[in-house]
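2 protein chains.
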Amino acid sequence: MAAIYLLPNTLGQDNFDTILPKDVVAIVNSLTYFIVENEKTARAYIKRLLPDKNQRELRLEILDKQTDPLDLPGFLDPIKNGHSIGILSEAGVPCVADPGATIVSIAHRKGIEVRPCVGPSSILLALMASGFNGQQFAFRGYLPHDRPIRKRVYQAMQKDIRDGITQIFMETPYRNGKLLEELMNTLHPETKLCIAVDITLDSEYIKTQTVAKWSLEHPDLHKRPAIFLID
Amino acid sequence: MAAIYLLPNTLGQDNFDTILPKDVVAIVNSLTYFIVENEKTARAYIKRLLPDKNQRELRLEILDKQTDPLDLPGFLDPIKNGHSIGILSEAGVPCVADPGATIVSIAHRKGIEVRPCVGPSSILLALMASGFNGQQFAFRGYLPHDRPIRKRVYQAMQKDIRDGITQIFMETPYRNGKLLEELMNTLHPETKLCIAVDITLDSEYIKTQTVAKWSLEHPDLHKRPAIFLID
Numbered sequence: 001m002a003a004i005y006l007l008p009n010t011l012g013q014d015n016f017d018t019i020l021p022k023d024v025v026a027i028v029n030s031l032t033y034f035i036v037e038n039e040k041t042a043r044a045y046i047k048r049l050l051p052d053k054n055q056r057e058l059r060l061e062i063l064d065k066q067t068d069p070l071d072l073p074g075f076l077d078p079i080k081n082g083h084s085i086g087i088l089s090e091a092g093v094p095c096v097a098d099p100g101a102t103i104v105s106i107a108h109r110k111g112i113e114v115r116p117c118v119g120p121s122s123i124l125l126a127l128m129a130s131g132f133n134g135q136q137f138a139f140r141g142y143l144p145h146d147r148p149i150r151k152r153v154y155q156a157m158q159k160d161i162r163d164g165i166t167q168i169f170m171e172t173p174y175r176n177g178k179l180l181e182e183l184m185n186t187l188h189p190e191t192k193l194c195i196a197v198d199i200t201l202d203s204e205y206i207k208t209q210t211v212a213k214w215s216l217e218h219p220d221l222h223k224r225p226a227i228f229l230i231d
Numbered sequence: 001m002a003a004i005y006l007l008p009n010t011l012g013q014d015n016f017d018t019i020l021p022k023d024v025v026a027i028v029n030s031l032t033y034f035i036v037e038n039e040k041t042a043r044a045y046i047k048r049l050l051p052d053k054n055q056r057e058l059r060l061e062i063l064d065k066q067t068d069p070l071d072l073p074g075f076l077d078p079i080k081n082g083h084s085i086g087i088l089s090e091a092g093v094p095c096v097a098d099p100g101a102t103i104v105s106i107a108h109r110k111g112i113e114v115r116p117c118v119g120p121s122s123i124l125l126a127l128m129a130s131g132f133n134g135q136q137f138a139f140r141g142y143l144p145h146d147r148p149i150r151k152r153v154y155q156a157m158q159k160d161i162r163d164g165i166t167q168i169f170m171e172t173p174y175r176n177g178k179l180l181e182e183l184m185n186t187l188h189p190e191t192k193l194c195i196a197v198d199i200t201l202d203s204e205y206i207k208t209q210t211v212a213k214w215s216l217e218h219p220d221l222h223k224r225p226a227i228f229l230i231d
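As they're listed, the protein sequences go chains A and B. Residue 1 is where the first sequence starts when you use our numbering, and the numbers rise one by one after that. Residue 1 is where the second sequence starts when you use our numbering, and the numbers rise one by one after that.
Any given hint could be a false lead.
Okay, derived cross-link-like pairs now, SDA-like style, lysine to any residue, Cα gap no bigger than 20 Å in a straight line [to be verified]: (1) B/K159 / A/A156; (2) B/K110 / B/A2; (3) B/K22 / A/D14; (4) B/K207 / A/A3; (5) B/K159 / A/D160; (6) B/K159 / A/D163; (7) B/K178 / B/K213; (8) A/K65 / A/S105; (9) B/K110 / A/V211; (10) A/K47 / A/R59; (11) B/K213 / A/S105; (12) B/K151 / A/D163; (13) B/K22 / A/N29; (14) A/K213 / B/K110; (15) B/K22 / A/N15; (16) A/K22 / A/T32; (17) A/K22 / B/K22; (18) B/K110 / A/T210; (19) B/K110 / A/P219; (20) B/K151 / A/I165; (21) B/K151 / A/G164; (22) B/K22 / A/D17; (23) A/K207 / B/S84; (24) A/K207 / B/K22; (25) B/K223 / B/P173.
Restraint-style ranges between C-beta atoms, simulated for each label pair [stated by the list, open to error]: (26) B/R150 / A/T102: 29 to 35 Å; (27) B/M184 / A/L216: 39 to 45 Å; (28) A/P148 / B/Q158: 23 to 29 Å.
No lab work stands behind these hints, which were simulated from the structure alone. All C-beta atoms, glycine included, are put in the ideal place defined by N, C-alpha and C.
Take the sequences, apply the hints, and build the full model.
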């Protein structure tokens, strides 16, 4: 039966054997129709994953911030003719910290089967490796830049930590250094902070210690993809 | 360098090519020391994954609710002699809804490298497939059985939904039917509910619709592993 496949991408390095199950590659190979954020990078990824796949027969729809929401239901038309569709993320798994969720929501309304595929999520890998409580956690996405709202998020996170809920968040990579400074000035010195950088890359770096200990260290986070966790 | 590897298990079916990257199998093959929840099921899993691996040379430490916390630091002794250690979950990825986090926390205190491996997480796969907001979400674990506390969790979830934070939770599998009934009686008819059952298994079933529509349907959830999401 035709279905929507949620296809993972790498987190920046083509270590396919490390991050993708073999069947995911076979599924990508079986598909002609894709929904992607960026045509050029999506085609380049498919080419590296499957050098022999015919690129000219691929049919790609672009789903980004410019896409008219009224166009979205039409993206699913190939299903009517028995063609499955792949939703491909720019990095990691689709629909998590990523715009794919809208189209999946429409698929559910239309009664189309949705099949998520196993792949790398920096959020999940960071949580596993943090040593923090994985029984209850909250992903707060990118911290807001508006100061009063950001302050409220910090307050909410500190309350949650007291309730034993691990907090996970991110920042635009070029602002990582500033965020770390802010964390040093905002959090209690005994709060545990995990910084996970370049996950699944050769340069992967994951470390958990108290804020007091981090303040003696200055890891280079500039423009590197990073996840922050507090507990 | 010797490290702690966080090794995924299946979610109940030995579809290794669907759920595990090839390198994860190679890592399991390279290890002698493991920390596991249950010796018998861990050995059986390693045997199915790697029929030729010598089971007699495996060294397994048991980490479950009976384990004395004072024994935990000793579990990491093989690292001193240059041996890497694998932490293996009973299902899915370790340390998420799972007791592995304590040992990872000790590893960080000792400055031991922690390497998370890609594998299936029913929480993450359900979130991807739900069509719900993946920019901000909260995993609330197993809902508490105590009535007043449970009521407070429902209230907190309903507040979070209004703030656009997807809510993810679980129930002991034999109580899934009762939970579904409770959701029908507690949530607003227009709240969207995703039920994801038997993820990655042949019987996988993932569906999102309003509470009003669910109340006309009675999916068989009894004793099946299920994740519930509301948005």
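Worksheet entry | Hinted pair B/K178 and B/K213, Cα distance within 20 Å | It holds: about 17 Å lies between the C-alpha atoms, which stays within 20 Å.
Worksheet entry | Pairwise hint evaluation, B/K22 against A/K207, where the allowed Cα distance is 20 Å at most | The given pair, whose Cα atoms are some 26 Å apart, is violated under the 20 Å limit.
Discussion item. Please verify whether B/K22 and A/N15 have alpha carbons no more than 20 Å apart.
Written reply: 11 Å, holds
Discussion item. Quick check on a hinted range of 29 to 35 Å for B/R150 and A/T102, using CB atoms only.
Written reply: For B/R150 and A/T102 the Cβ distance comes to about 32 Å; the hint holds.
Discussion item. Assuming the hint says 39 to 45 Å, is it satisfied by the Cβ distance from B/M184 to A/L216 or not?
Written reply: 54 Å, violated
Fill in: Distance restraint between A/K207 and B/S84, which requires alpha-carbon spacing of 20 Å or less
18 Å, holds
Fill in: Given hint B/P173 paired with B/K223 - CA-CA distance at most 20 Å
Holds, at about 4 Å.
Practice prompt. Given the hint that B/K151 pairs with A/D163, test it: the Cα-Cα distance must not exceed 20 Å.
Written response: 16 Å, holds
Worksheet item: B/K22 and A/N29: Cα distance at most 20 Å?
Response: Satisfied, since the Cα-Cα distance of roughly 18 Å is no more than 20 Å.
Worksheet entry | Given hint A/S105 paired with A/K65 - CA-CA distance at most 20 Å | 17 Å, holds
Discussion item. Run the distance test for A/K213 versus B/K110: straight-line Cα separation, threshold 20 Å.
Written reply: 14 Å, holds
Worksheet item: Cβ-Cβ distance between A/P148 and B/Q158: within 23 to 29 Å?
Response: 25 Å, holds
The structure shown violates the earlier hints numbered 24 and 27.
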